[in-house]
Amino acid sequence: MSAPVHPDFLWRDPDPRPSYDVVIVGGGGHGLATAYYLAKNHGITNVAVLEKGWLAGGNMARNTTVIRSNYLWDESAAIYEHSLKLWEGLSAELDYDLMFSQRGVLNLAHSLHDVREGRRRVNANVLNGVDAEWLDADEVRRFCPILEVGAHTRHPVLGATLQRRGGIAKHDHVAWGYARGADALGVDLVQGCEVTGFEIAGGRVRAVLTSRGRIAAGTVALAAAGHTSVLAARAGLRLPLQSHPLQALVSELLEPVLDCVVMSNAVHVYVSQAHKGELVMGAGIDPCNSYGQRGSFHVIEEQMSAALELFPVFNRVRVVRTWAGIVDVSPDASPIIGTTPVDGLMINAGWGTGGFKATPGSGWVYADTIASGRPHPLAEPFGLARFTTGALIDEHGAAAVAH
Amino acid sequence: MQLIECPWCGPRDEIEFRYGGQAGIAYPEDPSALSDEEWAGYVFMRDNPRGWFHERWYHVHGCRTWFSVRRHTVTHEIGRDPESPRREEFG
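From first to last, the protein sequence lines stand for chains A and B. For the record, in the first sequence the residue sitting at position 83 is 83 according to the UniProt record's numbering, with numbers rising by one throughout. For the record, in the second sequence the residue sitting at position 50 is 50 according to the UniProt record's numbering, with numbers rising by one throughout.
These aren't lab readings, by the way, just hints derived from the structure by calculation.
Here's a subset of chain B near chain A, in silico, CB distances under 10 Å, partners left out:
hint	residue
1	Glu-14
2	Phe-17
3	Thr-75
The C-beta atom is built at its ideal place from N, Cα and C for all residues, glycine as well.
Bound-form chain A, shown alone:
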């Protein structure tokens, strides 16, 4: 058996051209997926993805890679389930092993309220065609034997929701797969190119001003996650978004010990074991606004105390690295997708603490929205208009990260 040939580069490193049909601002997972589906599904290939740093160096490199679709409301279940279905065929689609592992996601219930809320969500999921099961405490212990569910803990486990089709994937491979696919279809992936302003005339965006010059664009599509408000302000827009650090950490490498994803909304931790062997743990957001890409230590302290109560077996495990990404949180913990008051300027933001799982679905519906100039049916309920009509999609419960 011979070693596979590894190419020197997976995509070109082009200089920006003076004009494109579509300019996507932000070269993370969502931006790359959007570019890929614009080219693949809609035949729009005169596209640039502008990234101020390097591809997938923001939240795409900082998340905990959890994938699931067990959201409460119909609108959310529809878009996240669309995304999960895309995940299920994505390695083949991109011809890239994304190490997508459907190992099951547990969301623990620690109180009577959690139990009621969890059962309600299971029922809602089933009605929406999303796989979901309710496990009682004994079933949780059998499903995840190292989890301490006993009555002597501060927050005993009374049950859990289980989505067996949920799991994890290798985040870098997802970005590289989409980037290679988009590049092969003709999309220019331009790194080291920061958007510093917008040229707007007659209520319509005409061009972006960048650190590498002016680039004219038919449509400008923001995909900048935590920095969306900063960009929008340069276009004169104020958005219902606040940017917060969201921290995560990894342990040293361990032998296989945890074969599912465990999340706890009440005690603020989520844990999985990556393929390589490290435990990956996420925390709640730091409460104050910040772009610092670092969080406060007390948030990690709280996260670790929760993790150790749930998994006493981890009490000698050493933390190797901690970090933070900047997440853009909306008032109802749901994304904002669609048009803006500036013609030709599109927004896809507000994914907050849960954007990674949505990468394929988000790119799919955003590309369709850009191509047709009207929201994709799955994106329509997530427009900016909901903050005026009051038709919010409150997913604070299913978001599973405290905020």
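The hints should help you fit chain B onto chain A, whose structure is shown.
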């Protein structure tokens, strides 16, 4: 852990406080006259700058005073808000 100066208690650890978001959002003077768009602006739209931010904090585990600071959202440097009450103003 940020060290935040409460105008009454002095500098205390961040864990004693609760965050209150952007400062200076005044309740509408004539609420019944507001359009839906204006209500959306009051309830949901907020500045979210990368830089200095005028924001509210609540000393929930201390004297329970609400106050404002200017804080830099990248460096986390905190500057006193000249409009926030000072210790000598509390009887």
